[in-house]
Every structure is written in C-alpha cells, then in structure tokens.
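Asker: Those protein sequences? They're chains Z and A, same order as listed. Just so you know, our numbering puts 52 at position 51 of the first sequence, and the rest follows in order with no gaps. Just so you know, our numbering puts 89 at position 88 of the second sequence, and the rest follows in order with no gaps.
There could be a bad hint or two in this list.
Copies of the same chain look alike in the list, so a pair counts if it works inside one copy or between any two.
[Stated by the list, open to error] In silico lysine-lysine, DSBU-like type, Cα no more than 30 Å apart, as pairs:
#1 K4 to K62
#2 K37 to K21
#3 K4 to K21
#4 K89 to K10
#5 K21 to K89
#6 K62 to K10
#7 K10 to K21
Think of the hints as simulated: they come from the structure by calculation, not from any bench.
Protein chains: 2
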Amino acid sequence: MQKVNLAQKLSLFQEYCSPKIVGQVNDCLVKLTKFKGEFVWHHHEAEDELFLVVQGRLTIKLRDRDIHLEEGEFFVVPQGAEHKPVAKEEVHLLLIEPATTLNTGNVHNEMTIPEPERI
Amino acid sequence: MQKVNLAQKLSLFQEYCSPKIVGQVNDCLVKLTKFKGEFVWHHHEAEDELFLVVQGRLTIKLRDRDIHLEEGEFFVVPQGAEHKPVAKEEVHLLLIEPATTLNTGNVHNEMTIPEPERI
Numbered sequence: 002m003q004k005v006n007l008a009q010k011l012s013l014f015q016e017y018c019s020p021k022i023v024g025q026v027n028d029c030l031v032k033l034t035k036f037k038g039e040f041v042w043h044h045h046e047a048e049d050e051l052f053l054v055v056q057g058r059l060t061i062k063l064r065d066r067d068i069h070l071e072e073g074e075f076f077v078v079p080q081g082a083e084h085k086p087v088a089k090e091e092v093h094l095l096l097i098e099p100a101t102t103l104n105t106g107n108v109h110n111e112m113t114i115p116e117p118e119r120i
Numbered sequence: 002m003q004k005v006n007l008a009q010k011l012s013l014f015q016e017y018c019s020p021k022i023v024g025q026v027n028d029c030l031v032k033l034t035k036f037k038g039e040f041v042w043h044h045h046e047a048e049d050e051l052f053l054v055v056q057g058r059l060t061i062k063l064r065d066r067d068i069h070l071e072e073g074e075f076f077v078v079p080q081g082a083e084h085k086p087v088a089k090e091e092v093h094l095l096l097i098e099p100a101t102t103l104n105t106g107n108v109h110n111e112m113t114i115p116e117p118e119r120i
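Could you build the full structure based on these sequences and the hints that come with them?
Answerer: Below, the structure written as structure tokens:
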C-alpha cells in the first residue's frame with residue numbers, strides 16, 4: 002500500500018517492450034512500459050487493453066484504421082480486435098488490462114513476456 | 002471505439018463529486034472526476050479503487066495514515082479499507098474501479114451517484 006509516482010517508476014528501467022507491473026485493481030493490472038518501433042500484429046481473445054500515453058506519441062494500427070495518441074490520451078482496444086502498436090520515437094505508456102493478458106496476445110515470439118516483473 | 006483525451010473530457014463538466022465514465026476495460030470502469038473539499042469516510046466491501054491525479058493534489062486519509070498525491074501519482078485503496086479523500090484546492094482525478102463500485106461505498110447520502118453519466 003504505497004503510492005506510485007509514474008515518472009519515478011519509469012526511471013527504473015530503460016528496455017523496450019517489457020511491461021512492468023506497478024499496481025493492481027481487483028483483476029486488472031496497471032503496467033508501465035517503454036516502446037519504440039513496430040510491435041507485432043496480435044489480439045487478445047477475451048481481454049480489453051487500455052493504452053494511455055504518459056509521454057511521447059503512439060499509433061495503434063487496427064485493421065480498418067489508425068488511432069493516433071498524444072500525451073494524455075488513451076484508447077481501449079476491445080477484446081478480439083487485431084492491433085499493432087507503432088512508435089517512431091520512444092513512448093512511455095500506462096497499460097490497464099486483466100491479469101491474464103499476455104503482451105503479445107495470441108502470438109508467441111521473442112517479444113513475449115510471460116511473467117512481467119513487479120517494480 | 003474512440004480515443005479519449007483526458008483534458009478534453011475534463012472540460013465537459015465542472016461539478017464536483019460526480020464521476021463520469023470515459024472508458025471500460027473488461028469489468029473495470031475508467032472515470033474522471035473533479036473534487037474539492039472533504040469527502041465522506043467510506044469503504045468498498047469488495048472493490049479496490051485507483052486514484053490517479055491528473056491535475057492538482059489529493060490527500061487520501063486512511064485510518065492509520067495520510068497518502069499525499071501529486072500530479073502523475075496514483076494510489077490503490079484496497080477493498081475494505083476505510084478512506085476519505087480530501088483536497089484543499091480543485092483536483093482532477095482519473096479513477097479505475099470495478100463497474101459495481103458506488104462512489105460513496107457503504108455510505109448512502111446526498112453525495113451518492115447511483116448511475117454515473119458516460120461522457
């Protein structure tokens with residue numbers, strides 16, 4: 002039961018595509034991640050996923066359109082929707098998703114983080 | 002499936018203690034609220050509640066200590082824990098809590114909002 006300072010937690014790691022757990026609200030985890038580049042196309046069978054931009058810019062590619070997010074903006078990718086996060090420059094994200102969510106969803110590859118670290 | 006800009010949504014209302022629903026992640030709702038003053042002591046029997054300060058400052062009084070939150074900081078009040086939010090000046094908050102959560106928890110009074118508006 003400690004408060005969490007987003008900037009302080011984000012200063013604790015530098016690697017991309019490695020979400021860190023910083024909180025839990027019932028079945029939902031709050032994660033922080035840094036990202037740059039192109040993620041894989043994937044979907045989550047039963048889980049919605051919220052992306053809130055803390056710093057930088059993120060594009061979430063959907064099959065029918067692109068969602069462009071700036072600082073202070075969020076988007077919820079609904080369960081089942083294929084999506085591909087893309088960031089030209091480093092972006093810092095707060096994620097909210099059920100504890101069962103795997104970062105690469107239905108795809109298992111070298112980007113998959115089966116057990117995110119708690120920081 | 003629209004993106005949400007926190008500042009834009011916060012500009013749509015001015016009243017205090019009237020959380021607005023701006024998103025949903027599975028069973029969890031994302032709400033925005035403005036607040037100033039002293040809320041009632043209450044607890045949520047089965048629901049954790051996350052308070053993230055978007056603008057301003059918030060103190061969450063617990064029975065054994067006070068949690069002081071600045072912009073970019075959050076705290077999760079665990080289920081069952083009595084708490085009382087206090088803000089000397091206007092504060093803008095993002096809340097994450099199960100859809101079943103009532104703002105005043107176990108207390109029912111004139112501050113209770115049984116059906117928060119979606120904006």
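Asker: Among all the numbered hints in the text so far, which are the ones the structure does not match?
Answerer: none
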